[in-house]
Amino acid sequence: MSKQDTDYLDELEAEAIYIMREVAGQFERPALLFSGGKDSICLIHLALKAFRPGKFPFPLVHIDTGHNFPEALKYRDDMVQLINEKLIVRKVEDTIKVKKLQDAKGKFPSRNALQTYTLLDVIEEFEFDSCIGGARRDEEKARAKERIFSVRDEFGQWDPKMQRPELWNIYNGKINKGENVRVFPISNWTELDVWNYIKRENIQLPSIYFTHERECVVTESGQLMSNSEYLQLDATDKLVTKKVRYRTVGDMTCTAAIESEAYKIDDIINEIKEAKISERGATRMDDKISEAAMEDRKKGGYF
Amino acid sequence: MELLRFFTAGNVDDGKSTLIGRLLYDSNSISTDIIETLTKQSKTTGGDTKIDLALLTDGLRAEREQGITIDVAYKYFSTNKRKFIIADTPGHIQYTRNMFTGASNANLAIILVDARNGITDQTKRHSIISAILGIPHVLVCINKMDLVDYSEATYKQIEADYLTFAKQLNLKEVSFIPASALAGDNVVAKSEKMLWYKGKPLLEFLETTEIAELKKTEASRFQVQYIIRPQTDELHDYRGFAGRVVSGVYKKGERVVVLPSGIETTIDKIEVHQKEVEIAETNTPVVLHLKDDVDVSRGNSIVPIAHLPKTNKELTATICWMDSAAFIPGQKILLQQNSFRTKAVVKEVISKIDIHSFAALESDGSMKLNDICKVLIKTAEPISYDSYVDNRGSGAFILINENTNNTIAAGTID
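Chains R and H supply the protein sequences, listed in that same order.
Heads up, the first sequence is in numbering that gives the first Met the number 0, so the first residue is 0 and it goes up one at a time.
Heads up, the second sequence is in numbering that gives the first Met the number 0, so the first residue is 0 and it goes up one at a time.
Chain R with its partners taken away, still in its complex shape:
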C-alpha cells in the first residue's frame, strides 16, 4: 500500500477530526460511546489527534451488556489506563434489576434491545447533550440515511422524516433541554477504510479480531457462535473447535465468528476485499429479524 493509495484516508480523517472538534465546541456535556470494538477504537485514536495535548472534552461511556467478550473488556480497561481518560460504565444487568425488565431469552439471548434502556438512562444521569458513536453509513441502509449530527428527542427517538438538512461542513447542534444529538464522525468510512486506517496508523486491536481457536456452536443458518456461559444450549447442539476471528465485536450472544486464518492486518484487508458477505450480514443475528430491524431500533433510541 503506497502513500498514494491511502491519500483518501487523510480526507476521511480530517473530516472526522473536524466533526469531533465541532462537538467539543458546540456542546456542554458530550460523551464518547466506547465499546472496545474497532470502530470506537478508531474514534479514540481520532480524539487523541483532535485534542492532545489537552484532555478529551468528554468522558468515555461503555454500556456493558454483561455479554461482552472478555478480550474487549480487557482492551477497554488497558486503553483507558494508557490514555488516562475518564470511563463511565453502566451495566444492562443493573437496568434489568432496577426497571424490572424481562431479560433476553432463547438459545442466544441478545441484550441488544435492552441496552437502549441503559443508554437512555446514562444520558439522563449525566445530562449528556451529545454522544459520539462509531456507526458508519455503509453498515446498514437505515444508517445510510442518518445525518452526521442526528438529533434525538427526549426519548432518544430518531425521526427519519424530520431530519435537519445538513450542508457543507456546517453542523447544527442546537437543541432544547432534554434532547440530545448522536454524532457519527466516521459516517463516511467503509469497513475497508477502517481497516486501512488501522493499518496505516498502526492501531492495536483486541485479539479476537485476529485468528484464534475457539469452541463454537453452529447455528441453523450455519453461523458460528462462541460457546459461553450465556448460551442456552440443547443436548443436541454440537460444539466444534475452529480457527476463527471476528469481523465485528458486539455481544458474545449475537455476534458470529467467521472462519479465518488471518493473523495480520494485511490478511484481514485481503479477506474483506474478497468477502462476498457484508459485515453485518456475516456476523449479526440482530439484523436478521426483519427488513427494518435497524430502523426500528433507531427510532426507539438505539445509537
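Hints should not be assumed to be uniformly reliable.
If you want the footprint, here are the derived chain H segments under chain R, 3+ residues with CB under 8 Å [stated by the list, open to error]:
1) 98-107
2) 218-227
3) 272-283
4) 393-399
5) 405-413
As a list, the in silico DSS-like pairs of lysine-lysine whose alpha-carbon atoms are at most 27 Å apart [to be verified]:
6) R:LYS54 - H:LYS251
7) H:LYS342 - R:LYS176
8) R:LYS48 - H:LYS290
9) H:LYS80 - R:LYS272
10) H:LYS309 - H:LYS250
11) H:LYS274 - R:LYS54
12) H:LYS274 - R:LYS198
13) H:LYS80 - R:LYS198
14) R:LYS48 - H:LYS268
15) R:LYS73 - R:LYS96
16) H:LYS80 - R:LYS263
17) H:LYS274 - R:LYS85
18) R:LYS106 - R:LYS96
19) R:LYS272 - H:LYS189
20) R:LYS160 - H:LYS123
21) R:LYS198 - R:LYS73
22) H:LYS331 - R:LYS176
23) H:LYS80 - H:LYS199
Just a sample of chain H residues kept apart from chain R, beta carbon distances all over 12 Å, derived [what the hints assert, rightly or not]:
24) ASN10
25) SER150
26) GLN156
27) GLU158
28) THR163
29) PHE175
30) LEU181
31) GLU263
32) THR264
33) LYS312
34) GLU347
35) LEU375
36) VAL388
Rather than coming from a laboratory, the hints here were simulated on the basis of the structure.
In this text, a Cβ means the ideal position worked out from N, Cα and C, and glycines have one as well.
Could you slot chain H onto chain R? The hints should help.
Showing chain H alone in chain R's frame:
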C-alpha cells in the same frame, strides 16, 4: 487513490435509484447476502425485474412501501482507480431541500433526464441548484434510452435543449451520456446499441474525470473550532487554536489578523497531530499558536494580512428556504458559517429566483419551502466572509430558527 463525491438528482421516475443500483451491482460492490435480501423483497413488491435495483438505496420502510426516495442516502463503492461517495437525493419536489444537503459537498452532479420526457421543471431546478452550489461538473445522464429505441436524434435534441437552458447558469463543465440504467447500457459497459455515442460509459467517466478541488491560489482561511488548554504543570502556558485550514495554506512566521477584532499577530507555531510543521495545506486539521497573547474565541477567523475577507454586519446572499413553516418578516434567527454563529435577521427579500428561467422575479417579501431567493441579511456580530464563487468554504452558511432549532435555510454569499 482519489475520493470523488457526487450526487444524483432527477424526477421521481427517472430511474435514479436504479442507476445507482446498477453502478453498485455491475461493479461488484454488493454482497451476496444483500442481493439475497433484495431478491426476496423484489418479489414481494412485484417489481418487473428479477432484482429491483432501486431497493438498494431506499433504506426506510416508507420508501420501500411507497416506491419513492424520501431522504438522501449515502452509498460507497470503489474501483481500482477511485473511491466514490454517492449522495442519492430525492426527486420529489417536497424533498428538494434534501437535494441541497446531498449536493453541498459534491464535486460532481449527475442529473437524470428521462429520454421520453426531455428537460422538465425538475431538471431545471436541479441544474439551478447545482449552479448556486457551484458544483464544478454537471453530468446530464439521459436515461431510459431503451424506451426511445436508442434514438440518436432524441438524445441530440435533449442535449441541445439542455445547453440552451444552461447557457445562463454559468455551469463550469457540462457533459452528456445516453444510458439505460435498467438494461445496463453505458453504465459500466459501453452500449452495443448506441454505437453512435463515442464517449465513455458512466463508470469510466467517473473514474477519469478531473476532480475539481478548491483552487490552491485561494486566499487562506481558518476558523477556530476549539481552544486547547491543557493547564497542566508542564504545559502551563499552552494555548492552541484548533481548527481546519478551510482554504489556502498557513505558514509558520506569517503575519495574520484575528477577525472580527482586527488584532494583528504572527503565527508562532503550527501543529498537526502534535508534530510541528512549517506549512499546513487546505483541509488539514491543525492547532495554531500565536505569538502574542491576544483574545481569540471559537468562530473567530485567523487570516493572512495580505488577503483579508470582507468583515461586516451585512451581506447579500442567495438562500434556499428549507423549513415547512414559511418565513416571517422580522423573525430572529441564527446564522452559522462553519463554526461561527451569530444572531441575525433577514432585512429584505430582494428577489425570488424563477426555477424555470433562473430570472430574478420581483418578491412579495415571502419565502416558503423550496423557494430560492436573494436576500439582505443583517448580523448581530460582524461576520468575516468571501463570496461563495471565490471560496466555497467561507462563503456558505445556514440559518437556524432560534425557537425550534431547525435548519431553515442554506445560503451562498454574493
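Hints versus structure:
1. For the segment 98-107 of chain H, the proposed coverage by chain R is satisfied: 4 residues have a C-beta within less than 8 Å of a C-beta in that chain, meeting the threshold of three.
2. Only when three residues or more bring their CB closer than 8 Å to a CB of chain R does the claim for the segment 218-227 of chain H stand; here the count is 3, and the claim holds.
3. Counting residues of the segment 272-283 of chain H whose beta carbon lies closer than 8 Å to any beta carbon of chain R gives 4, which meets the minimum of three for the stated coverage.
4. Using a Cβ-Cβ cut-off of 8 Å, 4 residues of the segment 393-399 of chain H lie near chain R, which meets the minimum of three, so the contact claim holds.
5. Chain R is given as covering the segment 405-413 of chain H, and this holds because 3 residues of the stretch bring a CB closer than 8 Å to a CB of that chain, at least three being needed.
6. Of the supplied pair hints, the one linking R:LYS54 and H:LYS251 holds, its CA atoms being roughly 25 Å apart against a limit of 27 Å.
7. Under the criterion of a C-alpha separation no larger than 27 Å, the hint pairing H:LYS342 with R:LYS176 is consistent with the structure, at around 20 Å.
8. Annotation: proposed proximity of R:LYS48 to H:LYS290 holds, straight-line Cα distance about 23 Å (limit 27 Å).
9. Pair hint H:LYS80 plus R:LYS272 holds up; C-alpha atoms about 15 Å apart against a cutoff of 27 Å.
10. Taking the CA atoms of H:LYS309 and H:LYS250, the gap is about 22 Å. The hint holds against a cut of 27 Å.
11. The hinted pair formed by H:LYS274 and R:LYS54 meets the criterion: a straight-line CA distance of about 17 Å does not exceed 27 Å.
12. Simply put, H:LYS274 and R:LYS198 have alpha-carbon atoms about 20 Å apart, close enough for the 27 Å limit, and the pair holds.
13. In summary, the hint linking H:LYS80 to R:LYS198 is supported, as the alpha carbons are separated by about 20 Å, within the 27 Å threshold.
14. Distance hint between R:LYS48 and H:LYS268 is fulfilled; the C-alpha atoms sit about 17 Å from each other, no more than 27 Å.
15. Distance check on the hinted pair: R:LYS73 and R:LYS96 sit about 25 Å apart at the alpha-carbon level, within 27 Å; holds.
16. Restraint check for H:LYS80 and R:LYS263: the C-alpha separation of about 25 Å stays at or below 27 Å, so the hint holds.
17. Under the criterion of a C-alpha separation no larger than 27 Å, the hint pairing H:LYS274 with R:LYS85 is consistent with the structure, at around 25 Å.
18. Taking the CA atoms of R:LYS106 and R:LYS96, the gap is about 21 Å. The hint holds against a cut of 27 Å.
19. Using a Cα cut-off of 27 Å, the hinted pair R:LYS272 and H:LYS189 holds, with the two alpha carbons roughly 26 Å apart.
20. The suggested pairing of R:LYS160 with H:LYS123 holds, with an alpha-carbon distance near 25 Å, which does not exceed 27 Å.
21. In summary, the hint linking R:LYS198 to R:LYS73 is supported, as the alpha carbons are separated by about 21 Å, within the 27 Å threshold.
22. Pair hint H:LYS331 plus R:LYS176 holds up; C-alpha atoms about 20 Å apart against a cutoff of 27 Å.
23. Our distance criterion of 27 Å between C-alpha atoms is met by H:LYS80 and H:LYS199, whose separation comes to about 15 Å.
24. Look at H:ASN10: its CB is around 20 Å from the nearest CB on chain R, clear of 12 Å, so calling it non-interface holds up.
25. For H:SER150, the shortest C-beta to C-beta distance to chain R comes to about 36 Å, beyond the 12 Å cut-off, and the non-interface label holds.
26. With a least beta-carbon separation of about 35 Å from chain R, H:GLN156 lies farther than 12 Å from that chain, consistent with its non-interface assignment.
27. At roughly 31 Å, the least C-beta separation between H:GLU158 and chain R is larger than 12 Å, which holds for a residue marked as non-interface.
28. Against chain R, the non-interface label of H:THR163 holds: every CB pair exceeds 12 Å, the least being about 30 Å.
29. Distance check on H:PHE175: its Cβ is at least 28 Å (rounded) from any Cβ of chain R, clearing the 12 Å threshold; non-interface status holds.
30. Distance check on H:LEU181: its Cβ is at least 21 Å (rounded) from any Cβ of chain R, clearing the 12 Å threshold; non-interface status holds.
31. Its beta-carbon lying about 25 Å from the closest one in chain R, H:GLU263 satisfies the requirement of being farther than 12 Å from that chain.
32. With a least beta-carbon separation of about 21 Å from chain R, H:THR264 lies farther than 12 Å from that chain, consistent with its non-interface assignment.
33. Distance check for H:LYS312 against chain R: the nearest CB is about 20 Å away, which clears 12 Å, and the non-interface claim stands.
34. Consistency note on H:GLU347: stated as away from chain R, and its beta-carbon is indeed over 12 Å from all of that chain's, at 23 Å minimum.
35. With a closest Cβ-Cβ approach of about 21 Å to chain R, H:LEU375 is found to remain outside the 12 Å limit, as its non-interface label requires.
36. The non-interface label for H:VAL388 is consistent with chain R: the shortest C-beta to C-beta separation is roughly 15 Å, beyond 12 Å.
The earlier numbered hints are all upheld by this structure, with none contradicted.
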